[in-house]
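Residue numbers (the numbering used here), protein chains in the order written: chain D, 1417 to 1788; chain P, 1417 to 1788.
Simulated from the structure, these hints should not be mistaken for laboratory data.
Careful: at least some of the hints might be erroneous.
Unchecked claim - Computed list of lysine-lysine pairs in BS3-like fashion (alpha-carbon distance at most 30 Å, straight line):
id, chain 1, residue 1, chain 2, residue 2
1, D, 1781, P, 1655
2, P, 1448, D, 1440
3, D, 1465, P, 1504
4, P, 1504, D, 1685
5, P, 1668, P, 1758
6, P, 1655, P, 1668
7, D, 1466, D, 1541
8, D, 1745, P, 1504
9, D, 1682, P, 1465
As the list claims (entries may be wrong) - Counterexamples of contact, computed for chain D against chain P with all Cβ distances above 12 Å:
id, residue
10, 1473
11, 1488
12, 1511
13, 1541
14, 1548
15, 1589
16, 1650
17, 1690
18, 1698
19, 1717
20, 1719
Backbone N, C-alpha and C define an ideal beta-carbon position, used for all residues, glycine too.
2 protein chains.
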Amino acid sequence: MSCKASALFTKNLIKAAPVLVSQKKISRSSSKIRAIIVNSGCANACTGKKGVKDAEKMCNITAKCLNINPEQVLVASTGVIGEFLPMKRIINGIKNLTSSLKHSPVEAVKSIMTTDTSPKFCSRKFYIGKKEINIWGCVKGSGMIHPELDFTPKSMATLLCFIFTDINISRKLQDLALKQAIDNTLNCISIDGDTSTNDSVFLLSNGLAENKIINSKKDENFRKFCNALNSLCYELSKKVVLDGEGATKFVKIKIISARDRMSAKKIAKTIATSPLVKTAIFGCDPNWGRIIAAAGRSEVKINPEKIDLFINGLCVAKNGATTNLSPTKLKRSMRKKEIEIKILLNSGDVDFEYYTCDLSYNYVKINASYRT
Amino acid sequence: MSCKASALFTKNLIKAAPVLVSQKKISRSSSKIRAIIVNSGCANACTGKKGVKDAEKMCNITAKCLNINPEQVLVASTGVIGEFLPMKRIINGIKNLTSSLKHSPVEAVKSIMTTDTSPKFCSRKFYIGKKEINIWGCVKGSGMIHPELDFTPKSMATLLCFIFTDINISRKLQDLALKQAIDNTLNCISIDGDTSTNDSVFLLSNGLAENKIINSKKDENFRKFCNALNSLCYELSKKVVLDGEGATKFVKIKIISARDRMSAKKIAKTIATSPLVKTAIFGCDPNWGRIIAAAGRSEVKINPEKIDLFINGLCVAKNGATTNLSPTKLKRSMRKKEIEIKILLNSGDVDFEYYTCDLSYNYVKINASYRT
């Protein structure tokens, strides 16, 4: 069954070979994708022309084994940058895989885990009239996670996300739904601020639900699909953050009453990627000054005297100055597994949410010896 | 002896009370500073109007004890954000200090150390004719270090730096010399990417060397002074990086043949603050792909196919693709205490240097429990 495929790729200017190869195919052939071949362990990035040839070969062999057109095969990789794919092993792997295809998506997710500690997937179901619509998605990634995904050769972390649905929808609206969902979910998380060279999100639809094709933004069913897709992508995002390398806590950062979305995101990202904020959260250290200092260095023009800061609902600063809240009380609250940081800028009407995790000994351990 | 004072303060929009107070005095009274009072343990930041009053009180009490004008006293603080100064202890401290003044600058440096493991100071000497000119400087800081210093209320990390000289120079040229020196040294280092609310650099000159006053940029002696000051600030910067919280390595990042200084600095900063790069260096992990990936996400327009990357002189990537250098060889070289990362962009004629350290277990340990 061939599928309409939408995809977003990393904004990193250093793009892995599989990203370049899949990007081309997505722009050429929008509605006939039948397979995605994925490997982990080697990112096939910084591998020059040979890397591109290897990625194309992965598609070609897969197509040959499945007796389909190479144009119908997409490719993705995750792993160490700067090494060539072990093509002999890859080719043997593809032959074995294609001769024993199963209806078992969870096995596929498990097979590409690197520093992930668990397979991450979820599904949504809704109805268009009497037609049941299904969406199933999975995601891989727990480090080098700071997605900045876009259609055009711009940026996202090694996060690989695959979403499949049986809905009948135009390619244009499928693109739009994916872009909106990712911008509010996977593009709003950061594990470590490092955006990967290989990030890719794919959304494939085969139309098997047989609903009347969705062709208009105003179609109520488009809204239904967007809601289900958003909800699925949010759950996948949360799973990524919870499985972040070394993570012990899930941190929600709410920026309230900002001037615009871009400045709200900039402030949230600066807080989410501050090593001092992240280590304080790991240690349940009520050192909230680090949060407000991060906001102050975010290059967004803020008015220090208008800022209120809440941690887990406790007001620690009002109009930029301490409320003298008991550190013991705050510390007790910070022992929770979920931490909510809320900053009121009192300078506009835009609210924004961003998600991250803490920075622990284990993050250092995992990344001081990832390759060797 | 009263001094001409130049100073640079943090660009962080959240500025500590002592920064606000000293900034005002520096702009008002340029040539009669006689004392700087400094405390550590409490940053007096996010403390509102009471904080400003407390900082002013520190100056006033110091002035009274020394029988000088409060306008002649500057103030600086470092420590936890969001707590009020324990004014009773501070006042008693000032009384004790001023009644037992010594010619022992090293004791002053030691007294304001927080997570610093050693006092950091150095000196330079040169001649103008037969007049000996002395410069002595010291610096405090090992975390929340990502200085962005400027004259005007803009930004620098809790880094406190005090430089004293007996040269006779106009205030205008003294300002210029300080700005140039800091832009090439302290403003080119990062421990953790977090810019503090309290960063301040002070340069005081008393003219006791009795050289003919330096009034012109073209005066050869101005160049001599700038060279000595640059060299002193570079040594202080290196000391800060070497004493970075948890640091085990000194990392020099050279960006070669960039289009302009700003884009070179942006790339270098992105590499220097990448947790993946810093943990790899800590673990001597030859995972150079993380360096090139950081360059790719720096938001500077680079041409991936033109980039060459060297680590400790070993070429790991040429024209953006791996040279297939033996990881064992690279790993051996990465065991050194000093690591040099050199990126050739081949897109212009600007070279730039930036300095940082690695990210170790100890950084997490120190910062997961700084306050409690």
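**Request:** Just double-check residue 1541(D) for me: nearest Cβ-Cβ distance to chain P has to come out over 12 Å.
**Result:** Residue 1541(D) clear of chain P: closest Cβ-Cβ about 37 Å, beyond 12 Å.
**Request:** Find the nearest Cβ of chain P to the Cβ of residue 1650(D) and say whether that gap is larger than 12 Å.
**Result:** holds, 24 Å
**Message:** For a C-alpha distance cap of 30 Å, please report whether residue 1466(D) and residue 1541(D) respect it.
**Reply:** Violated - the C-alpha atoms of residue 1541(D) and residue 1466(D) are around 42 Å apart, more than 30 Å.
**Prompt:** Would residue 1511(D) pass as off the interface with chain P, using Cβ distances and a cut of 12 Å?
**Reply:** The claim stands: residue 1511(D) keeps its Cβ more than 12 Å from every Cβ of chain P (closest is about 27 Å).
**Prompt:** Is the nearest Cβ of chain P still more than 12 Å from the Cβ of residue 1690(D)?
**Reply:** The assertion about residue 1690(D) is violated, with a minimum of 5 Å to chain P.
**Prompt:** For the pair supplied as a hint, residue 1448(P) and residue 1440(D), is the alpha-carbon distance within the 30 Å limit?
**Reply:** violated, 68 Å
**Message:** Against the 30 Å threshold, does the CA-CA distance of residue 1745(D) and residue 1504(P) hold or violate the hint?
**Reply:** Cα-Cα ~26 Å, so holds.
**Prompt:** Given the hinted pair residue 1781(D) and residue 1655(P), is their alpha-carbon gap at most 30 Å?
**Reply:** Distance ~26 Å between residue 1781(D) and residue 1655(P) Cα, so the pair holds.
**Prompt:** For the pair supplied as a hint, residue 1668(P) and residue 1758(P), is the alpha-carbon distance within the 30 Å limit?
**Reply:** holds, 8 Å
**Request:** Taking the shortest Cβ-to-Cβ distance between residue 1473(D) and chain P, state whether it exceeds 12 Å.
**Result:** Since the minimum Cβ distance to chain P is about 17 Å, residue 1473(D) lies beyond 12 Å and the statement holds.
**Prompt:** Per the stated criterion, does the least C-beta distance between residue 1488(D) and chain P lie above 12 Å, as a non-interface residue requires?
**Reply:** holds, 28 Å
**Asked** Does the no-contact call for residue 1589(D) survive, Cβ to all of chain P over 12 Å?
**Response** holds, 30 Å
Hints 2, 3, 4, 7, 17, 18, 19 and 20, counting from the list given before, are not met by this structure.
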